[in-house]
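A.B. asks: Chains as they are written, first to last, in our numbering: chain A, 1 to 161; chain B, 1 to 155.
Hints are supplied without guarantee of correctness; some may be wrong.
Computed footprint of chain A on chain B; a stretch qualifies when at least three of its residues, placed anywhere within it, have a C-beta under 8 Å from a C-beta of chain A [said to hold, decoys possible]:
1) 4-13
2) 40-52
Taking CB as the label site, the calculated pair distances span [unchecked claim]:
3) D82/A x V62/B: 53 to 61 Å
4) L134/A x A28/B: 19 to 27 Å
5) M1/A x V102/B: 53 to 61 Å
6) P82/B x R13/A: 51 to 59 Å
Derived by calculation from the structure, the hints in this document are not laboratory data.
C-beta: ideal position from N, C-alpha, C; glycine also.
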Amino acid sequence: MHAVRLTVNGTERQARVMPRLLLADLLREEFGLTGTHLGCEHGACGACTVLVDGEPVRSCLLFAVQADGCRVDTVEGLAGADGALHPLQEAFRARHALQCGFCTPGMLMTLTAYLREHSSPTESDIREILSGNLCRCTGYQNIVQAGLDAAAALRAAGAPR
Amino acid sequence: MKFVGDRYLRKEDPRLLTGRGQYVGDIALPGMLHAALVRSPHAHARIVRVDGARAREHPGVVDVVSFLDLGSAGRPFPIVPPHPELRGHNFSMLADGRARFVGEVVAAVVADSRYTAEDARELVDVEYEPLPSAQTHVPGLPPCTMTCRTTWPDA
């Protein structure tokens, strides 16, 4: 067993883990953060996407020990402390960019990282960056629109969150 | 009452958008066990033997279950509702002596964790006798030259 220490959504967390424990299982089972979903469990669907030191990663392909000492951000940390939805979450809601919601956390985390560095994406840019996140119910039209809306909202609000 | 043509925000979206939804995989109950499924690598095969002895000895494994262990729980359930124009087929949850497609579930390993269950799955010995399989739809068209449903009249 290995001791790991991570900053998850701004809070320092520690655990003792098997070397092979996946980051996704650490988040979901040890820390109770079940907003990170496991779909395909082999890196194809993107549902388990979280940010490690700001970069989107597949938490089903990363061992927990690899994230030792890192900052990890999950969907649970997107909304404000007061519960106010992030502009990206607002845009998803307004655009009906989700049905069952299973792929949504991965979509949100991928777009969060992208919009931080790309304030004025085109539709084609959004489709490209979401090409690694599969949705099995809504189709992608509204998700892409929500991404564009969120970019506009973040630009209007000044610095992207 | 007016709904058609109006936009409505869904009540469930805030929790789904903030990671507070609850899906089956999120449910954790006291004493809950985990299963890993053994699946057929063959499109069509007779299942000669399912031997879970080695897997059962693996620490943390509670049981290995194949069709013969199911008893009354193994009774078939319909996959399509009865309909005069459709030929239905009843499935049992584990393959009953014959695997009819790649990926059909042949056995389940039940253990104290998903990791343990998947480890032990590698220890389940299944002996198959591969049978001819249709690789396109053509052998199944009239005149049918191949079927895997022995109860059908034109089998």
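A.B. asks: Would you mind marking each hint as holding or not holding in the structure?
C.D. replies: For each hint, the structure was consulted:
| no. | hint | verdict |
| --- | --- | --- |
| 1 | 4-13 | holds (count 4) |
| 2 | 40-52 | violated (count 0) |
| 3 | D82/A x V62/B: 53 to 61 Å | 45 Å, violated |
| 4 | L134/A x A28/B: 19 to 27 Å | 26 Å, holds |
| 5 | M1/A x V102/B: 53 to 61 Å | 38 Å, violated |
| 6 | P82/B x R13/A: 51 to 59 Å | 53 Å, holds |
Comparing the model with each earlier hint shows violations of hints 2, 3 and 5; every other hint is respected.
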